[in-house]
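Enquirer: Chains as they are written, first to last, in numbering that gives the first Met the number 0: chain A, 0 to 282; chain B, 0 to 264; chain C, 0 to 253.
Do not take every clue at face value.
Claimed, not checked - Straight line, CA to CA, 30 Å or less: simulated DSS-like cross-link-like pairs of lysine-lysine:
{"id": "1", "chain 1": "A", "residue 1": "Lys166", "chain 2": "B", "residue 2": "Lys182"}
{"id": "2", "chain 1": "A", "residue 1": "Lys228", "chain 2": "A", "residue 2": "Lys120"}
{"id": "3", "chain 1": "A", "residue 1": "Lys166", "chain 2": "A", "residue 2": "Lys120"}
{"id": "4", "chain 1": "A", "residue 1": "Lys33", "chain 2": "A", "residue 2": "Lys228"}
{"id": "5", "chain 1": "B", "residue 1": "Lys182", "chain 2": "B", "residue 2": "Lys106"}
{"id": "6", "chain 1": "B", "residue 1": "Lys106", "chain 2": "A", "residue 2": "Lys120"}
{"id": "7", "chain 1": "A", "residue 1": "Lys33", "chain 2": "A", "residue 2": "Lys120"}
{"id": "8", "chain 1": "A", "residue 1": "Lys188", "chain 2": "A", "residue 2": "Lys166"}
{"id": "9", "chain 1": "C", "residue 1": "Lys43", "chain 2": "B", "residue 2": "Lys106"}
Claimed, not checked - Beta-carbon label-pair distances, calculated as ranges:
{"id": "10", "chain 1": "A", "residue 1": "Val22", "chain 2": "B", "residue 2": "Arg189", "range": "33 to 43 Å"}
{"id": "11", "chain 1": "B", "residue 1": "Leu18", "chain 2": "C", "residue 2": "Ser93", "range": "11 to 21 Å"}
{"id": "12", "chain 1": "A", "residue 1": "Arg75", "chain 2": "C", "residue 2": "Gly239", "range": "51 to 61 Å"}
{"id": "13", "chain 1": "C", "residue 1": "Arg124", "chain 2": "B", "residue 2": "Ala39", "range": "20 to 30 Å"}
{"id": "14", "chain 1": "C", "residue 1": "Leu157", "chain 2": "A", "residue 2": "Leu274", "range": "50 to 60 Å"}
{"id": "15", "chain 1": "B", "residue 1": "Ala65", "chain 2": "C", "residue 2": "Ile243", "range": "26 to 36 Å"}
{"id": "16", "chain 1": "C", "residue 1": "Ile243", "chain 2": "B", "residue 2": "Ile28", "range": "30 to 40 Å"}
{"id": "17", "chain 1": "B", "residue 1": "Leu44", "chain 2": "A", "residue 2": "Ala145", "range": "33 to 43 Å"}
{"id": "18", "chain 1": "B", "residue 1": "Pro162", "chain 2": "C", "residue 2": "Leu157", "range": "55 to 65 Å"}
{"id": "19", "chain 1": "C", "residue 1": "Leu88", "chain 2": "A", "residue 2": "Gln271", "range": "47 to 57 Å"}
{"id": "20", "chain 1": "C", "residue 1": "Val56", "chain 2": "B", "residue 2": "Pro162", "range": "51 to 61 Å"}
{"id": "21", "chain 1": "B", "residue 1": "Pro110", "chain 2": "A", "residue 2": "Arg122", "range": "47 to 57 Å"}
{"id": "22", "chain 1": "C", "residue 1": "Ile68", "chain 2": "B", "residue 2": "Pro162", "range": "40 to 50 Å"}
{"id": "23", "chain 1": "C", "residue 1": "Ala21", "chain 2": "B", "residue 2": "Leu130", "range": "18 to 28 Å"}
I should point out that these hints are in silico values taken from the structure, not numbers from a laboratory. Note that the structure is predicted; figures quoted are calculated from it, not measured. Backbone N, C-alpha and C fix where the C-beta goes; we use that ideal spot for every residue, glycine too.
Single-letter residue listing:
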Amino acid sequence: MSVLPLPKAQAAADPILAVDDIVMEFPTPDGVVKALDHVSLSVRAGEFLSVIGPSGCGKSTLFNIVGGLQRGYQGRVSIGGEAVEGPHPAIGMVFQEESTFPWRTVLQNVEFPLEISGVAKARRQEMARRFIAMVGLGGFENRYPAELSGGMKQRVAIARTLAFEPKILLMDEPFASLDEQTRLLLGDKVLQIQQELQQTTLLITHNITEAVQLSDRILVMTYRPGRVKRILDIDLPRPRTSETIGSEAFGRFVAQLWSDLRDEATRGMDEQQELMRNAGRGP
Amino acid sequence: MADTLGAPSRAATRAAGVLGPVTMVRIAIVAAIVLIWEAAAASGLFYRDVVPSVVAVARALVRVLADASFYWHLSVTMLEIAAALAIGGTAGLVIGIALGGSRLLSKAIEPYLYYLGPTPKIIFFPVLIMLFGIGPGSKVAMGAISCFFPIVLSVAAAMRQIPLVLIRVGQSFRAGPWDMALKVYIPAMRHPIINGFRLGLGIALIGTLLAETKMSNRGIGHLIIQAYALFDMPRMYAMLIILFAFAIGANSLLARAGKADGTMG
Amino acid sequence: MTSRLRIDDGPLPALMGLAGIAALLLLIEGLISVGLLNPFIVPKPSQVIGSFYRVVVEENVLERFVLTIKECLFAVALVTIVGVSIGVLLHRVSLLRQATETWVAAFASAPVVLMYPLFLVMFGRSALTIVMMGFAAGLPPVILKTIEGLSSTRRVLLAVGQSFKLTPRQMFWKIQLPSSLPAIFVGLKLGLIFALINIVGVEFLINFGGLGQLINDLAERYDLPGTYAAISFVVVVSVGFFMIAERAERWLIR
């Protein structure tokens, strides 16, 4: 793994992850709900792609389908042309909820995927230490998650997934439960690592600033049923710093995304209120 | 319930010097009981040795503890309990994981286990004697059946409480069923499992010893009922004291084991 | 996640459970008929079901049942009076509580039923022994839950009482006791269950009294189908008892 930032292989690289025409429906007591409606996307090697949408747009369903944890959909997910059925070794997932194992130390947590794939102890400890250092938790190897803050736990989860050395890093709102400052700092960290590893990344989020700061492209989804509303190229220069966030170009992207999302979020809120009025219960 | 063993009183003692008011009250209660007991023993109101003097009980206690054959009987009982806990616990763990993992199985089978749980298991003993004879086999079976219920129910409930995201993490790293069980399910359930085994130990102990008192030729239960049959009351009291000390000690030890882990998890 | 309709809702699983039990009984029946199981160890389920009538009619099951229930009620009445009183006392006198609450807790987890030879010596082979065993087993949870209920009375309710200038006696009867009733009922339910388990168990062990003795009697007569039928009967009774206790608790705590 090179520390030098390689020139980005942007030029019409093959998509390494392709999601074709996904339809996902859930039967519920109130009838069938269509969560995803003919969603297609592709992620190129080394690219950072974000999927943004209001809550209820099926983002998390998409996350689970790409991760191979959700069955029963129509359409096809493929990696390098090979269909994904079940969790794929090329995909590493980072979950929204706190997902570290409380009974394992930081080191043991990060070793977990290496243990599963049968890497020898000395080698996996060495690898785990490297990824722990990469997320900035050197010195905390022998702590238990209960002794760490929320942001640190999420960094452990990210290091654990990186240790899996996935071709594609798949993250579902990994910063959602963190406070704003931690979120910004952790975003910087993820961006830095992503650039350093040239890590192909698919991020699911509802945070506009986060999406613009991190992404090469942003895919905007509609409220239920989830469809692709727009794909936006974010051609802001890299490396992006806190100053980038203050720039005028950044503001334009944010405004554009906000107007896209406002329509969807408003529609979502209206529909949920209607649902509550009809059913007399929460969504 | 016994999780709080001694904690508040110890703090109080420390605050008030060597002998805090709580300790004083405790000593006073024990002294009062001993005095009343002695008075009853000396009064001659009770039939023969029904209330033996504390001195006689203490002497019997020493005699029992100095007797080599007592330790043989103790080891028989402890081995029976250990075997019962191993068998009932393993069955409870495996079946509990299956029930917790499948809604269908849980709905089909768990109500029966739930309602059978509190029935008095000792009534199955005649059947167990038929199946396993009057030797240690039927005692182990009795203990195993007794401890199976609290363990299977607490494991099944614990399975359902494992955070879904931890299971998904395991799946996303392509852990097989074996790795999932050993590295995700069981560690995630460590506290309820320890608690289930703690309950199970207490109940296996009761089941095994009751079976020994009913029909056997070895073990602590046998010694107790023998002392009763020979009307050697001091010896019977001594044996019961040892038994209770053992049971309460084992229970608080396991409770502490559960807690020690809790502080780091 | 969106909730999904599944086949494992509805009556299907319960039916599967029943079918499973029926299949197991048929399997045992078959194994005995073929000679793979010894009928002198495990009687045929059909024989056991057939001897239900015999056991019920010839062995005075109703009388025994009433006796066991009576013993149980006496024990629970004693447990209620003594347990709640001790609970109130320990809650009032905090020094006493600090000194003895852990003892009560240890007693709750101790194998009380193993003291039955001691009770036998003290009270003889009589119903009193059985009632006292039930009492000893049911007492600790009632004491502990009474203390728990009384000490978790919400502060604001006490403040309301003070604002109405209630005397300590009124405070206890009008506020503390009613607010701790749910916890006390939980304790009583536990006490009732522990008492029943121990009463039936001791009846069996000392061969005296109601349903427990029936099993012992039949077993000593080597009446295998009868023993199995009696055991099944006791299981059904205690399961029913437990279900009723649970319903009653839910109804009282609503």
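Enquirer: So, for every hint listed, does it hold in this structure?
Expert: Status of the hints after comparison with the structure:
Straight-line distance between C-alpha atoms of A/Lys166 and B/Lys182 comes to about 25 Å, which keeps the hinted pair within the 30 Å bound. A hinted pair counts as satisfied when its Cα atoms are at most 30 Å apart, and A/Lys228 with A/Lys120 does not qualify at roughly 47 Å. Distance check on the hinted pair: A/Lys166 and A/Lys120 sit about 23 Å apart at the alpha-carbon level, within 30 Å; holds. Under the criterion of a C-alpha separation no larger than 30 Å, the hint pairing A/Lys33 with A/Lys228 is consistent with the structure, at around 16 Å.
Using a Cα cut-off of 30 Å, the hinted pair B/Lys182 and B/Lys106 holds, with the two alpha carbons roughly 27 Å apart. At most 30 Å may separate the alpha-carbon atoms for a hinted pair to count; B/Lys106 and A/Lys120 exceed this at roughly 42 Å. For the proposed pair A/Lys33 and A/Lys120, the alpha carbon gap of about 46 Å is over 30 Å, so the pair is violated. At roughly 19 Å between alpha-carbon atoms, A/Lys188 and A/Lys166 fall within 30 Å of each other, so this suggested pair holds.
With a C-alpha separation of about 28 Å, the suggested pairing of C/Lys43 with B/Lys106 holds against the 30 Å cut-off. The given range of 33 to 43 Å is respected by A/Val22 and B/Arg189, whose C-beta atoms sit roughly 41 Å from each other. The hint said 11 to 21 Å for the Cβ distance between B/Leu18 and C/Ser93, and at roughly 18 Å that hint holds. A C-beta distance of roughly 56 Å is found between A/Arg75 and C/Gly239, which places it inside the suggested range of 51 to 61 Å.
For C/Arg124 and B/Ala39, the hinted distance range of 20 to 30 Å is satisfied, since their beta carbons lie about 22 Å from each other. Range check, C/Leu157 to A/Leu274: Cβ separation about 43 Å, and the 50 to 60 Å hint is violated. The supplied range of 26 to 36 Å is broken by B/Ala65 and C/Ile243, whose beta-carbon atoms lie about 51 Å from each other. Distance hint check: the CB atoms of C/Ile243 and B/Ile28 are about 38 Å apart, consistent with the given range 30 to 40 Å.
Restraint check, B/Leu44 to A/Ala145: a C-beta distance of roughly 60 Å breaks the suggested window 33 to 43 Å. Separation of B/Pro162 from C/Leu157 is about 38 Å and departs from the stated range, judged on CB atoms against 55 to 65 Å. Between C/Leu88 and A/Gln271 the Cβ separation comes to about 55 Å, which falls inside the hinted range of 47 to 57 Å. Remark: the range hint 51 to 61 Å for C/Val56 to B/Pro162 is upheld by a beta-carbon distance near 56 Å.
Between B/Pro110 and A/Arg122 the C-beta distance comes to about 50 Å, which sits within the given range of 47 to 57 Å. Taken as a hint, the range 40 to 50 Å holds for the pair C/Ile68 and B/Pro162, whose Cβ atoms sit roughly 45 Å apart. In this structure, C/Ala21 and B/Leu130 meet the distance hint of 18 to 28 Å, their C-beta atoms being roughly 22 Å apart.
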